[in-house]
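Chemist: Position chain S against the provided structure of chain Z, taking the given hints into account.
Each chain is listed here by its residues.
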Amino acid sequence: MQTLKVISLPIILGMTLLINACQSVTTKDDSLYHELGGKEGISRFVDVFIYEIGETEQVLHYFEDTNIQRFREKQIEHVCLLSGGPCDYTGDEMIPVHEGMNITESDFNAIANAMIRALDKVNISLSARNQLLAIVASMRHEVLYK
Amino acid sequence: MIKSNLRITVFLTLALFLSGHLVAGGKLIGTSGVTQMEGSGGGGMVPWATLSGYDTRDEQSATSFFSYVQVDDFSMKAYGAAFSFYDRLELSLAHQVFNAQDSQLQLSQNIVGAKVKLIGDLIYNSFPQLSLGAQYKSAQHHDVLETLGAGNNKGLDIYLAATKAWLDGPFHRNLVVNLTLRLTKANQLGLQGFGGDKSNNYRAEFETSLGLFLNRHWVVGAEYRQKPNNLSSLKEDDWYNIFLVYIPTKDIAITSAFVELGRLAGLSRQTGGYISIQTSF
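Read top to bottom, the protein sequences are chains Z and S. Mapping to my numbering: the first sequence position 106 is 106, numbers consecutive. Mapping to my numbering: the second sequence position 84 is 1084, numbers consecutive.
Keep in mind that the hints were calculated from the coordinates and are not lab data. No residue lacks a Cβ here, since even glycine has one placed at the ideal position from N, Cα and C. Possibly wrong hints are sitting among the right ones.
In silico SDA-like pairs for lysine to any residue, Cα to Cα no more than 25 Å straight-line [claimed, not checked]:
#1 S/Lys1250 x Z/Val136
#2 Z/Lys121 x S/Trp1218
#3 Z/Lys146 x S/Pro1248
#4 Z/Lys121 x S/Pro1248
#5 S/Lys1250 x Z/Lys74
#6 Z/Lys146 x S/Ala1114
#7 Z/Lys146 x S/Pro1128
#8 S/Lys1250 x Z/Val48
#9 S/Lys1250 x Z/Val122
#10 S/Lys1235 x Z/Lys146
#11 Z/Lys146 x S/Gly1120
#12 Z/Lys121 x S/Phe1171
#13 Z/Lys146 x S/His1217
#14 Z/Lys121 x S/Thr1031
#15 Z/Lys74 x Z/Lys146
#16 Z/Lys146 x S/Ile1123
#17 Z/Lys121 x S/His1217
Coverage of chain S stretches by chain Z, computed from C-beta distances (three or more under 8 Å per stretch; other residues unrestricted) [stated by the list, open to error]:
#18 1049-1059
#19 1144-1150
Isolated chain Z, as found in the complex:
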C-alpha cells in the first residue's frame, strides 16, 4: 500500500512546476477586465464595495472626509486600469494619499474582506477575484503604516 507515496509525490512535483509557470503571468491583456464585466461590471462592483466599506466600522474613520462620489469614480477608473481595461486613472497616487493615515495590517485586511464580500455579491468568478486581489495585495506596501 504505497499509494499515498505514489500520489503525493507527483502532486508536490506537479504543483512546483505550476508555481514556476504562473510566475510568468502578466496582466497586460484585458482578460481580467472582461471577466469583471467591463466598465459596467466594475461600476456595479465598486458600488457594492463602497456599501461594504460602510458596513466595516473598523475603517470608517478613514473615510470621514472622503467625497464618496469622487472616490467611486476614481475606484472605477483604477480597477479598470489595473485589470487591463481601456481607462486612465486620474486619482491620487497611492503613497501620498495614504500618508498620515497610519493604516494597520488589520485595517488593510478589513478592507480586503469588504472587497471580497463585494466581489462575491456581484457574482465575480473566483478566478477573477483572486487575480484582482493579487493586484491589490501587490500595492499593500504603498498603503500600510504611512
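Modeler: This is chain S only, laid out in the frame that chain Z set:
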C-alpha cells in the same frame, strides 16, 4: 503524567482567560494555517513559517487543537494550545499519546514549542516568510524507551521553515508552499525516545507541504516528512499525507487526511486516517 496533565490544564485555563482579552485576529481567513501534530502552527505533520493564530503585528491570539490518527494497528491523539504574539512569536504546548492495539503498548510525550518569525510575509512579499522554531520534547514510559534502545528520554528539535502563498496561483487559485529543514534525534516524533544504537547524532530532515485553496474555505494538499532511523530494533519510515481542510470561519478549522506512516513500533506499513480540529480565540 499527572504533572504534565496539570501543566496542560493550567495552560489551557490561561488560554481561555487570555482569550477574553484578545482582539479577534485581523489576518485573512486561512492565512494562519492549522496546528500540526506537535502543536506548532503548520500543516498536519509539518511545522510552517506561519504562526498559529490570526494575529497581525498589532495583535495577539490563542489557539487550541485536538488531533486523532487511526491507522491499521495503532492510534494516536494529540492536543494542546498555542499563543502567538504580534505575528512574531509563537509559544505552544502539546501532549501526544500513542496506543498500539494488540500489544497494549502505550507511549506518550510532552512538547513545548517556540517559533520566531524572522523575515518576510506569507502573502505580501516576493520573498517567503522565514521562521526559526524549536520543539523541546520529553517522552514518558522510560522503561519502554530503555528496552527499545533509545539514547535519551528528552530531545530538542530545531527547524527552519519557509512558507509562501500565491494569491493568484495555478488555476487562479491561492497556493501555499512550505519547506522545512529540521535538526532532530527524535524516534517517531520522540515517542520512542531520542537517538539510538544506529545513530545518536542530530540529523537534518526535510519536510514539505503544498496546499491549494479551492475557494476561501476549502484547501487540498499533500505533505511529506522525512524521518530519522536511529534504532536497529525498530525501523522508521518517511511519512506522507494527502489532506483536505475546511475553514468555515476564522474560529475553527477542520483537517482530515489520509496518512501513510510506514513501519512503526515493529508493525508493518501503517496507513489510515487523520482528523484535527483547531479553534482560534
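Chemist: Now tell me, hint by hint, if it's right for this structure.
Modeler: Structure-based check of all given hints:
{"no.": "1", "hint": "S/Lys1250 x Z/Val136", "verdict": "holds (22 Å)"}
{"no.": "2", "hint": "Z/Lys121 x S/Trp1218", "verdict": "holds (19 Å)"}
{"no.": "3", "hint": "Z/Lys146 x S/Pro1248", "verdict": "violated (33 Å)"}
{"no.": "4", "hint": "Z/Lys121 x S/Pro1248", "verdict": "holds (18 Å)"}
{"no.": "5", "hint": "S/Lys1250 x Z/Lys74", "verdict": "violated (32 Å)"}
{"no.": "6", "hint": "Z/Lys146 x S/Ala1114", "verdict": "violated (31 Å)"}
{"no.": "7", "hint": "Z/Lys146 x S/Pro1128", "verdict": "holds (23 Å)"}
{"no.": "8", "hint": "S/Lys1250 x Z/Val48", "verdict": "holds (23 Å)"}
{"no.": "9", "hint": "S/Lys1250 x Z/Val122", "verdict": "holds (23 Å)"}
{"no.": "10", "hint": "S/Lys1235 x Z/Lys146", "verdict": "violated (56 Å)"}
{"no.": "11", "hint": "Z/Lys146 x S/Gly1120", "verdict": "holds (19 Å)"}
{"no.": "12", "hint": "Z/Lys121 x S/Phe1171", "verdict": "holds (22 Å)"}
{"no.": "13", "hint": "Z/Lys146 x S/His1217", "verdict": "violated (32 Å)"}
{"no.": "14", "hint": "Z/Lys121 x S/Thr1031", "verdict": "holds (22 Å)"}
{"no.": "15", "hint": "Z/Lys74 x Z/Lys146", "verdict": "holds (21 Å)"}
{"no.": "16", "hint": "Z/Lys146 x S/Ile1123", "verdict": "holds (20 Å)"}
{"no.": "17", "hint": "Z/Lys121 x S/His1217", "verdict": "holds (17 Å)"}
{"no.": "18", "hint": "1049-1059", "verdict": "holds (count 4)"}
{"no.": "19", "hint": "1144-1150", "verdict": "violated (count 0)"}
Of the numbered hints given earlier, the model fails hints 3, 5, 6, 10, 13, 19; all others are met.
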